[in-house]
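Chains S and C supply the protein sequences, listed in that same order.
Each residue of the first sequence is one higher than the one before, counting from 116 in the working numbering.
Each residue of the second sequence is one higher than the one before, counting from 116 in the working numbering.
Everything labelled a hint here was simulated from the structure, so no lab data went into it.
Accuracy of the hints is not assured; some may be wrong.
The list treats identical chains as one, so a pair stands whether inside a single copy or across any two.
[Unchecked claim] In silico SDA-like cross-links for lysine to any residue, where the CA-CA straight-line distance does not exceed 20 angstroms: (1) Lys279 / Phe268; (2) Lys224 / Asp172; (3) Lys260 / Leu244; (4) Lys224 / Tyr160; (5) Lys119 / His159; (6) Lys279 / Tyr292; (7) Lys224 / Tyr189; (8) Lys279 / Ala239.
For clarity, every value in this text was computed on a predicted model and none was experimentally measured.
Protein chains: 2
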Amino acid sequence: MNDKFSNPWQTVSRRVAYENAWIRVRHDEVIRPDGLPGIYGVVHYRNLAIGVLPIDDEGFTYLVGQYRYTLDVYSWEIPEGGCPEGEEPLEAARRELLEETGLVAAEWKELGTAHLSNSVSDEAAIYYLATNLTQHEAEPEGTEKLELMRVPFAEALQMVREGKITDALSVMAIQHYALL
Amino acid sequence: MNDKFSNPWQTVSRRVAYENAWIRVRHDEVIRPDGLPGIYGVVHYRNLAIGVLPIDDEGFTYLVGQYRYTLDVYSWEIPEGGCPEGEEPLEAARRELLEETGLVAAEWKELGTAHLSNSVSDEAAIYYLATNLTQHEAEPEGTEKLELMRVPFAEALQMVREGKITDALSVMAIQHYALL
Chain S
116 MNDKFSNPWQ
126 TVSRRVAYEN
136 AWIRVRHDEV
146 IRPDGLPGIY
156 GVVHYRNLAI
166 GVLPIDDEGF
176 TYLVGQYRYT
186 LDVYSWEIPE
196 GGCPEGEEPL
206 EAARRELLEE
216 TGLVAAEWKE
226 LGTAHLSNSV
236 SDEAAIYYLA
246 TNLTQHEAEP
256 EGTEKLELMR
266 VPFAEALQMV
276 REGKITDALS
286 VMAIQHYALL
Chain C
116 MNDKFSNPWQ
126 TVSRRVAYEN
136 AWIRVRHDEV
146 IRPDGLPGIY
156 GVVHYRNLAI
166 GVLPIDDEGF
176 TYLVGQYRYT
186 LDVYSWEIPE
196 GGCPEGEEPL
206 EAARRELLEE
216 TGLVAAEWKE
226 LGTAHLSNSV
236 SDEAAIYYLA
246 TNLTQHEAEP
256 EGTEKLELMR
266 VPFAEALQMV
276 REGKITDALS
286 VMAIQHYALL
């Protein structure tokens, strides 16, 4: 088959260049769409990215602040985490929301799915709206040192507009809810 | 300084695990925020990601379709590309828009900036609104085999809602414009 929507790339060889518990980096030798030889480095993510936008009965949301090692900056985001293969995404969402904020939601709604960086990685994300909230004890992981901030949803949207929230999954979820 | 917004990670050692023309993967030995030893694999992106939302005088936008090697799926997206260090992001945006669609825009507006996948990578993105458009000849790169689709903006937003556009940079730009 050679229609215009079919795969125009050919993989000639494939090797694992690096891996850890979260990613596996593959180095492929390829034939490019124009027929010339090339290479493609693909970062495979072992976990599905999970984002949760909690909205309480007063219309407030909850932002999690943490230092992002990759960027060397402090970042305010919606509660997020990883869903390993074999775990249900919604279960991972419940777990991450509880771990990071102590919140339990009685109502869940899937807002959307996305691919975060598809020129280099296969990372996929799913994000939820969590409502009908009750407060319990947060249980952060050892790799996390988190701050929690409760703000009116309009303020979170304003933080996106002003570039104070730049995490893509947070931006997508907040914009999506603002459009509902 | 040890306030709650400062870096709680310590880097013990650092080595390059893999690199190509687009990414460099670093393997760091670290002391985690909880004081325990750990590792961190960081994917450094050599290019800034650029997204362009073109809107013509009739309120139509232009989507670019291509096969994404990383995901093994066909993907409809706004015009996108990479801005290497040393190039002005707006110049890269003009170049990518012309290469992929043949469009030249007389008016440009920065819509937002984002970090696409900050748990693993340092990839940053900037996205623009391009208006006052004139049609010229497209000049695709050899690594690209592109289709072009002109659709009413409302249809592009609907494609986001229905999960037919999943590329994060496209989702952010389309939702941002819908909120203006």
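For Lys119 and His159, with the copy left unspecified, which applies at a CA distance of at most 20 angstroms: within, between, both, or neither? Answer is neither; intra-copy 26 angstroms and inter-copy 32 angstroms both fail.
Go through the copies and call it for Lys224 and Tyr189: within, between, both or neither, with a Cα cutoff of 20 angstroms. neither (29 angstroms within a copy, 27 angstroms between copies)
20 angstroms Cα cut-off: does Lys260 pair with Leu244 within a copy, between copies, both or neither? Answer is neither; intra-copy 24 angstroms and inter-copy 37 angstroms both fail.
Could you place Lys279 and Tyr292 in one of the four classes (within, between, both, neither) given a Cα distance threshold of 20 angstroms? Both ways: Lys279 and Tyr292 sit 18 angstroms apart in one copy and 18 angstroms across, limit 20 angstroms.
Taking 20 angstroms as the upper bound on the Cα-Cα distance, should Lys279 and Phe268 be classified as within, between, both, or neither? within (14 angstroms within a copy, 27 angstroms between copies)
Is it within a copy, between copies, both, or neither that the alpha carbon of Lys279 lies no farther than 20 angstroms from that of Ala239? Only across copies: Lys279 and Ala239 sit 14 angstroms apart there, 24 angstroms inside one copy, limit 20 angstroms.
Homo-oligomer pair classification [Tyr160, Lys224; C-alpha up to 20 angstroms]: Classified as neither; 24 angstroms inside a copy, 33 angstroms across copies.
Same-copy or cross-copy closeness of Lys224 to Asp172 [CA-CA at most 20 angstroms]: within (16 angstroms within a copy, 36 angstroms between copies)
This entry does not satisfy hints 3, 4, 5, 7, going by the numbered hints stated previously.
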